[in-house]
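Engineer: What follows is the residue order along each chain.
2 protein chains.
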Amino acid sequence: MYALWKPLIDTLRAGTPLLTVEGGEAMKTLPVVRRLWKKLWQYEVERQDVVVFIGGGSMLDVGGFVASTWKRGVPFVYVPTTLIAQVDAAIGGKTGINFKAGKNLIGTFAEPVAIWAYRGFLETLPAREVRSGWVEVLKHAMIVGGALWELVLARDFTQVPSLAILEQAAAVKWEIVAQDPTEKDRRRVLNLGHTLGHVWESLSLSQAIPFTHGEAVAVGLVQEAWLSYQKGYLAPAHLDQLVEKIRSEKLLLPLPSFTWERWLKTLLQDKKRKAGRLYVPIWAAPGEVRIEPVRVQELQAAVRWYKKLLR
Amino acid sequence: MYALWKPLIDTLRAGTPLLTVEGGEAMKTLPVVRRLWKKLWQYEVERQDVVVFIGGGSMLDVGGFVASTWKRGVPFVYVPTTLIAQVDAAIGGKTGINFKAGKNLIGTFAEPVAIWAYRGFLETLPAREVRSGWVEVLKHAMIVGGALWELVLARDFTQVPSLAILEQAAAVKWEIVAQDPTEKDRRRVLNLGHTLGHVWESLSLSQAIPFTHGEAVAVGLVQEAWLSYQKGYLAPAHLDQLVEKIRSEKLLLPLPSFTWERWLKTLLQDKKRKAGRLYVPIWAAPGEVRIEPVRVQELQAAVRWYKKLLR
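Read top to bottom, the protein sequences are chains Y and C.
The working numbering puts the first residue of the first sequence at 1, with every later residue one more than the last.
The working numbering puts the first residue of the second sequence at 1, with every later residue one more than the last.
Hint data in this document are derived by calculation from the structure and do not stem from the laboratory.
Be aware that a few hints might be false.
No copy labels: a pair is met if it fits in one copy or bridges any two.
Calculated pairs, BS3-like style, for lysine-lysine (alpha carbon to alpha carbon, straight line, at most 30 Å) [unchecked claim]:
1. 184 / 308
2. 39 / 265
3. 71 / 38
4. 38 / 103
Keep in mind the model is a prediction, meaning the values are calculated, not measured.
Bound-form chain Y, shown alone (with noise of 0.2 Å):
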């Protein structure tokens, strides 16, 4: 980001104290937090001091951790750089680094003062990047339907989104987590397709090429919309709307190598299980998300539908 931006970042440099760190999922550490804590102490950042983090997912996840536990809270600014972020991670309070392989383990809720998203930013973005980010576009329209949904179904993935559908997809996950901010109920309808998404997202880091997020929630999506339409609540024809889709953007991906066991394994390490059974959102149809239990077998069988599907 900041090589591709570099001119612009240096005007803000400047004007104020700027310190640029490497982004990415494996920044979301302990000690690059300990770094940020560091600079806030040298820079003394107080409590009426305003801090900014510019860059994807990765980088707000920490940043938010860092700020909201420097002196009990300071405010922070995010301005999210990538099209993942700009509709789905910088919004929603959640913040957090990963500890001991678990995603997020550490982490508060805690609210940017302001978020200000630029589309531009988009435009320099690896056309895999866009794509991924795409799919949360895609799952925020599923969960909303109507206009949005239709919208979606007839753009091409290679392109940056309008202004109008980033304004759209954002709002679909704003106004749901507004009625829900500590993630008690409403709130995990966002939850679509992350089910299995996740699992595909962790067993694929021992391919070459690891999934993206979004790539993983793809599959997530498709296969976990099987799951609906067996159950009888999504009717075929979303179902068939939804994989090809899914297909025509290339993002119906062969999945990683996996033994039953690593993936059971991997599946009941995710954090929402609730006393030992699986609640996961079904999409019964374009704007309907409900939470049911679900068994592993039903989750297992939609992996073996998915994999007849490929063939």
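Using the hints, position chain C against chain Y.
Structural biologist: Just chain C, lined up with the frame of chain Y:
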């Protein structure tokens, strides 16, 4: 604490995973936090679990930070075992650890789901701990005035407070904090005696026997009361009452050796300064505290007066 209450703690151990940690201000570090996060990970603590912290203020400060940042917050219970923790530290939702020689620079605002205060724990405290804890009781009595002020003046600080006094002293903090959970305004009255108290606590660290927090605050309360008298707020009779009480409890302690340069540096490190000015809670009368801007020279004069008082 564990050494004194081993049979009780070992009884708990039979029913639940239990970990003991060495207490005291020196434990409020990132490595200890890391160790506790690791335990929560090993025990697979989820959001529906509850973590209980038993100990003095430092244990609760660290524990609350660990629990409030684990999976973005798991419920926790405080069992304060010192006088100062029962009437002060356990209440108010401030968690924190020290960083780079700065007190509580890293922390959160997070409330325990319950506070269980058992007076029996206080019976095994060292005499110095009891007397130090009384200073925060006294501070709360100064803030609220009325019957509690009269009660506290009449009590002997070598004895454990009655349950009635414990309850009333805790209630003072509880009610103020409820009006201002994130320390924006009203809550600042609780810093009575702490502007100078913190300075002495910090400067005394180079002594063979540093001040306890309560001892440092006792000195701060007296000096700041004189300042209030000088500014025309506090009646001389109230100043005398306070000085004589502190003196009779052997808390009119000699100051640590210091240079004014170091004194000033320590004073200005305090995170409660606002845009360069010092806002100090001023005791105008029992039951009346106001936040006033104060010049450094006025604080210096209070210190000089105190030195003469000791001669």
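Engineer: Against each hint, give a clear statement of whether it holds in the structure.
Structural biologist: Hint check:
no. : hint      : in the structure
1   : 184 / 308 : neither (36 Å within a copy, 60 Å between copies)
2   : 39 / 265  : between (39 Å within a copy, 20 Å between copies)
3   : 71 / 38   : both (12 Å within a copy, 23 Å between copies)
4   : 38 / 103  : both (24 Å within a copy, 14 Å between copies)
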